[in-house]
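Protein chains: 2
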Amino acid sequence: MTDEVESVLSTVATEVAPTEAERTRLEAVVDEVLAETRATVAELAPEAEVVHVGSTARDTWLSGDRDIDIFVRFPRSTDRETLRERGLAIGRAVLDDGEANYAEHPYIVGSHDGFDVDIVPCLDVPDASQVESAVDRTPFHNEYVRRELDEDLTTAVRLAKQFAVGIEAYGSDLRTRGFGGYLLELLVLEYGDMRALLEGAAGWSPPVTFDPAEHGEEDFEDPLVVIDPTDPTRNVAAVVSETNVARLQHYARRFLAMPDRFFFEAPERSPLDGATLGEHLSARESEIIAVTSHRPDILDDQLFPQLRKSESGLRDALDRAGFDVLRSRVMADDARWAILFECTVPTRAAIERHEGPPVALEDHATRFFDGYADDETVTGPFIEDGRYVIERERAHTTPAALLREIDLEQVGLGEHIRRTLEAEFTVHPTDEVSALLERFGTELRAYFDPEP
Amino acid sequence: MTDEVESVLSTVATEVAPTEAERTRLEAVVDEVLAETRATVAELAPEAEVVHVGSTARDTWLSGDRDIDIFVRFPRSTDRETLRERGLAIGRAVLDDGEANYAEHPYIVGSHDGFDVDIVPCLDVPDASQVESAVDRTPFHNEYVRRELDEDLTTAVRLAKQFAVGIEAYGSDLRTRGFGGYLLELLVLEYGDMRALLEGAAGWSPPVTFDPAEHGEEDFEDPLVVIDPTDPTRNVAAVVSETNVARLQHYARRFLAMPDRFFFEAPERSPLDGATLGEHLSARESEIIAVTSHRPDILDDQLFPQLRKSESGLRDALDRAGFDVLRSRVMADDARWAILFECTVPTRAAIERHEGPPVALEDHATRFFDGYADDETVTGPFIEDGRYVIERERAHTTPAALLREIDLEQVGLGEHIRRTLEAEFTVHPTDEVSALLERFGTELRAYFDPEP
Chain A
1 MTDEVESVLS TVATEVAPTE AERTRLEAVV DEVLAETRAT VAELAPEAEV
51 VHVGSTARDT WLSGDRDIDI FVRFPRSTDR ETLRERGLAI GRAVLDDGEA
101 NYAEHPYIVG SHDGFDVDIV PCLDVPDASQ VESAVDRTPF HNEYVRRELD
151 EDLTTAVRLA KQFAVGIEAY GSDLRTRGFG GYLLELLVLE YGDMRALLEG
201 AAGWSPPVTF DPAEHGEEDF EDPLVVIDPT DPTRNVAAVV SETNVARLQH
251 YARRFLAMPD RFFFEAPERS PLDGATLGEH LSARESEIIA VTSHRPDILD
301 DQLFPQLRKS ESGLRDALDR AGFDVLRSRV MADDARWAIL FECTVPTRAA
351 IERHEGPPVA LEDHATRFFD GYADDETVTG PFIEDGRYVI ERERAHTTPA
401 ALLREIDLEQ VGLGEHIRRT LEAEFTVHPT DEVSALLERF GTELRAYFDP
451 EP
Chain B
1 MTDEVESVLS TVATEVAPTE AERTRLEAVV DEVLAETRAT VAELAPEAEV
51 VHVGSTARDT WLSGDRDIDI FVRFPRSTDR ETLRERGLAI GRAVLDDGEA
101 NYAEHPYIVG SHDGFDVDIV PCLDVPDASQ VESAVDRTPF HNEYVRRELD
151 EDLTTAVRLA KQFAVGIEAY GSDLRTRGFG GYLLELLVLE YGDMRALLEG
201 AAGWSPPVTF DPAEHGEEDF EDPLVVIDPT DPTRNVAAVV SETNVARLQH
251 YARRFLAMPD RFFFEAPERS PLDGATLGEH LSARESEIIA VTSHRPDILD
301 DQLFPQLRKS ESGLRDALDR AGFDVLRSRV MADDARWAIL FECTVPTRAA
351 IERHEGPPVA LEDHATRFFD GYADDETVTG PFIEDGRYVI ERERAHTTPA
401 ALLREIDLEQ VGLGEHIRRT LEAEFTVHPT DEVSALLERF GTELRAYFDP
451 EP
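From first to last, the protein sequence lines stand for chains A and B.
Residue numbers are given in the numbering used here: position 119 of the first sequence equals residue 119, and the series is strictly consecutive.
Residue numbers are given in the numbering used here: position 324 of the second sequence equals residue 324, and the series is strictly consecutive.
Derived by calculation from the structure, the hints in this document are not laboratory data.
All the pointers check out, no bait thrown in.
Here are some, though not all, of the chain B residues that point toward chain A, as calculated from beta-carbon distances under 10 Å:
#	residue
1	R247
2	R253
3	S282
4	R284
5	S286
6	G322
7	A349
8	V359
9	F369
10	I383
11	E384
12	E391
13	F448
14	D449
Some but not every residue of chain B turned toward chain A, in silico, with C-beta under 7 Å:
#	residue
15	A246
16	Q249
17	T344
18	V345
19	A360
20	G386
Only a predicted model underlies this, so the values are computations on that prediction, with no experimental measurement involved.
Ideal Cβ positions, reconstructed from N, Cα and C, are used throughout, including at glycine.
If we strip away everything but chain A, and leave its shape as in the complex, we get (with noise of 0.2 Å):
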């Protein structure tokens, strides 16, 4: 087993390392980048400093990666309009086709010779706790992982990322929630190699802790904590989600009981197709509806939370309505969103039971009686253990009537969200499902075979 687990890893290690020709072609890029770069700030910023950042780097990138993180690094003075101006004019002078994006901080995307290369600028800070914006601690985080890894922690975190990619946990955005590059670095350096990182995962008894550098300074309520080793106040892994920790630990014992190459390679998924999905819909008998609406102007780190929010506010509404929601799930691409819901009830009465007060409480009693004595849509008022009851008429008697009709006031509902929501949506019921297959197939693959 033991021989099996280093031939595995041995083997993945050996594909996933970038080729002395892929390596000769990166450095040439990322020379001829830097070149430009500086030349430009030398121009428009001659006060700024450009490093090379993440994986490329710090050597950890993956065969096949061709990603590029050039920082422009301004001293701390710097106003934020200027550092803003300047930042994007330097990018866009360097990436002919270069567009800004706005994260938390705007920066430039573009290409250069094949290569995706981003021009970030961002401001020099004494150290990573004074940061003003995420971007200021890359630095940071570049050089301390540059200082700590040697050549066999640098392929024992190939291993770790790929793995993370073959579990679809890789990439510390919001949309994923997973292991970023920087975390399974740290995670690595912690266990000293990738066997040892999976042994101890697969152990984990959440909430686990990790203080690399021995300064954490605070508590944290995530199910994983890796104390930033170059400022004490942040949990590198805060965004994981805690199924991806379930996933990791999973995975990692999945994989040292049968050691495979498999593990190392997302699944690949077809789009679900009409007649699987009739299948699943008659073999379940629940009621499936699907909300969806145009996408927002925002990006997906801002989309996913505001959905997630929204799924969690919609899904309530259906449980108090006792349509008991068994599972659902967010989806999203370029052009619009969808919340799926599966309820267990398909339908309830059209009559409710509405429970008034103690007969015992005179005033109020002799209220409620005399409110519904002669009123003919209600049965009752009578007396069940003590109180007045009525049955009325149900609000809604299915799912779907409920979310055609829904008070988006009454909602928790993300605000981007709650504005498409406004301007149109549909619901599509069971019978109407199908209307997603075209454009989330493949997440409803996912949904009707659920893996770990």
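Could you slot chain B onto chain A? The hints should help.
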């Protein structure tokens, strides 16, 4: 308003008082029965004493009543077997058509000149707190009430009884769980007249306690507590249900607000017809299921507590399975019983969620995963919130299917009801509920038009 209350009460008082002719007739029959019983007792049990008890002995009977209760009081030293044998022999000798009735204590029921006569053997104990059977207590009640009641109070007792009849809460039997004659006598003695009793009841905040002899020794949990003036350990109102206490309060208020003879008349319900049933069913869109079986050979006082226990056990099972019971009702006639359940959830999805352990609990988690990983009948295991979850086939997707296949050992049921269910039962879902119309049409009318 005052005048109207008094005026209605006085009209009803006249109507419910036995006429001179009735009185004369009753007295003649009582004298005959007493004489015959005494003659028989002199022969068969010369040590025993014969007393006339109950409402005809206290003059609190209502016009039209035809009940004569004769108690044969044996010395306390009499053993149970002798009491039983001689008691039944005396009754059979006096009443040509006498038949044994086995309640807590066996006695003879029969008739004489058109009156219903009970001849009940009991023991002569020194005081009511030393009774061996509930019937031993009756002579003490009789003495107490005869001593305390004057003519006005007697009139008020008749009004109180007729009011309880009108609101369908008259009787201390376990089917009704209402107000028995002795309890109403005590309440009238407590309040002094009918109007004061109604005004008092209208303002009760249960639990309400009365202790006319100021000798109560125990705390009772019942909503209405009236300590027996002949027995400090007994709550005369123990049998009264919370609903019937509330019902008395409700109708007392309604009568005082709008005095009318109507309140003293038991509602006459025509059996529900099929067309009206159909209208109710389609307006409610609920699932109404009836379980029916044959009546076990027991008295109402045994049957109804068992039916209610079974109602509660089956209701819990339906609720646990997520069919959300809105209301239920027990019914019985001489040959069959039925329990009706109205479910808010007519069907549930064919699948249900089954949560496994947290992935972090390695041994448990691995066992769970391995147990389901190759199970083609389930969806998953997948991970949600750090746990393994599967979706598996639900045992029953409709309330009728659940009841048809119910494991009788797993449900709280009355013992005789369990046995009838083991022998045979029928489950009628909504579209077959009309099968109950012939036997329980009046009960169904009351179910769909419930009154306080």
